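Residues 391 to 745, numbered by my numbering, are exactly what the sequence shown covers, in order.
Source of the hints: derived by calculation from the structure; they are not laboratory data. Check the hints yourself; a few may be wrong.
[Claimed, not checked] Below, in silico cross-link-like pairs of lysine to any residue (SDA-like), each with a Cα-Cα straight-line distance of 20 Å or less: (1) Lys675 to Ile508; (2) Lys593 to Ala580; (3) Lys661 to Ile508; (4) Lys707 to His737; (5) Lys593 to His490; (6) Lys607 to Val631; (7) Lys707 to Val655; (8) Lys675 to Lys607.
Only a predicted model underlies this, so the values are computations on that prediction, with no experimental measurement involved.
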Amino acid sequence: MNQASVANGLITVVNSDDCSFKINYEESRNFVNNSFLRSPIFMCSGYEWSLRYFPRESQGLETSEYISLYLDLESHAENISTSVTFYLLGKDMRPLQTRHVWSLFRCKGSSEGFRTFIKKSLLESEFIRDGWFVLRCDIRVMNGEWEETSLPDEISAPPFRHLYEELYELLKRKEMTDVVIEVAGESMEAHRLVLAARSPLFKELITKATPRSNCIKVNYVTPVVFKVVLHFMYTDALPPVNKLFDGDSTEGNVDLYGLTQEVLVAADEYKLHGLKIICEEKLAKHLSMETVVSSLDLAQHHNCQHLKKICFEFAAKPENIKAFMRSDGFVELMKRCPTLLAQYVAHITDFPPSQ
391 MNQASVANGL ITVVNSDDCS FKINYEESRN FVNNSFLRSP IFMCSGYEWS LRYFPRESQG
451 LETSEYISLY LDLESHAENI STSVTFYLLG KDMRPLQTRH VWSLFRCKGS SEGFRTFIKK
511 SLLESEFIRD GWFVLRCDIR VMNGEWEETS LPDEISAPPF RHLYEELYEL LKRKEMTDVV
571 IEVAGESMEA HRLVLAARSP LFKELITKAT PRSNCIKVNY VTPVVFKVVL HFMYTDALPP
631 VNKLFDGDST EGNVDLYGLT QEVLVAADEY KLHGLKIICE EKLAKHLSME TVVSSLDLAQ
691 HHNCQHLKKI CFEFAAKPEN IKAFMRSDGF VELMKRCPTL LAQYVAHITD FPPSQ
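All chains should be built: construct the whole structure from the sequences, respecting the hints.
Next up, the structure:
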């Protein structure tokens, strides 16, 4: 079996209502590298999807001990914001292991998932039954039309607050906080459970901390950047700019584009995928000749494929080519990342001539 495979009975639907699948691990474990199984197309939250399962995605030592799993959008649709959760069902068919990710599916064929979904040793010991394991996929579409859905007039719904509003109130009032984050000499209080639930990196830092330690030092970011990160971890949104400076006169002079670039780097470091997507979209939307080199550098080093594509398209416009190649940092970037030059030339070649 080579690099692509249909399911051929090795992935079967267990229950179409809850999007659960049975996967033949025993038959697939000896596949060659980068071979995968694709599930039957299924409907969830109004869109068509399929799963790709790699028993052995690559030869790298880092990933060879894991299986890989991805969700692909099969519908012709654009910019579908989703919350995706994969559940592995134990031998008693109860969910025991979950992996969750926020993702923006930009078009048909867009993909999201995990190269290191679960270690094979854990899968074999806890989830394999008669050579098979069972997986459930929960896809929730978070686009605006859901928020606009109203209740029937005859139902009187009392006002309520979302969970994130309650959590953020605790943060603002510094109630029940149990950890202090030190950033460049500035201290910020927070809640261990929230940080651990939102960021795998913070979960690791909190787990490794001594029981009596209630302080975590964060390096390589500024206090302002971390305020943005902390606000997002509690609310899934960016804070108002004036909230970051506490009335400081520097607010009006802040470089919001540069700040967004710094936040993207932090989001990647802390594995806050939703925040990274938000920053990537904002950088792409407000790209300019002054920022295209630094944004391309950022996209290259933090795997921001959408931003990278927008940078190339912007720089490949006939009216921008000379200015881009003369801009500060262009030569240095191309020396550090020679492959970028070839990709840029390809975009120039593909760009339609001006009329």
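Cross-check of the supplied hints:
| no. | hint | result |
| --- | --- | --- |
| 1 | Lys675 to Ile508 | 36 Å, violated |
| 2 | Lys593 to Ala580 | 13 Å, holds |
| 3 | Lys661 to Ile508 | 17 Å, holds |
| 4 | Lys707 to His737 | 9 Å, holds |
| 5 | Lys593 to His490 | 15 Å, holds |
| 6 | Lys607 to Val631 | 24 Å, violated |
| 7 | Lys707 to Val655 | 27 Å, violated |
| 8 | Lys675 to Lys607 | 33 Å, violated |
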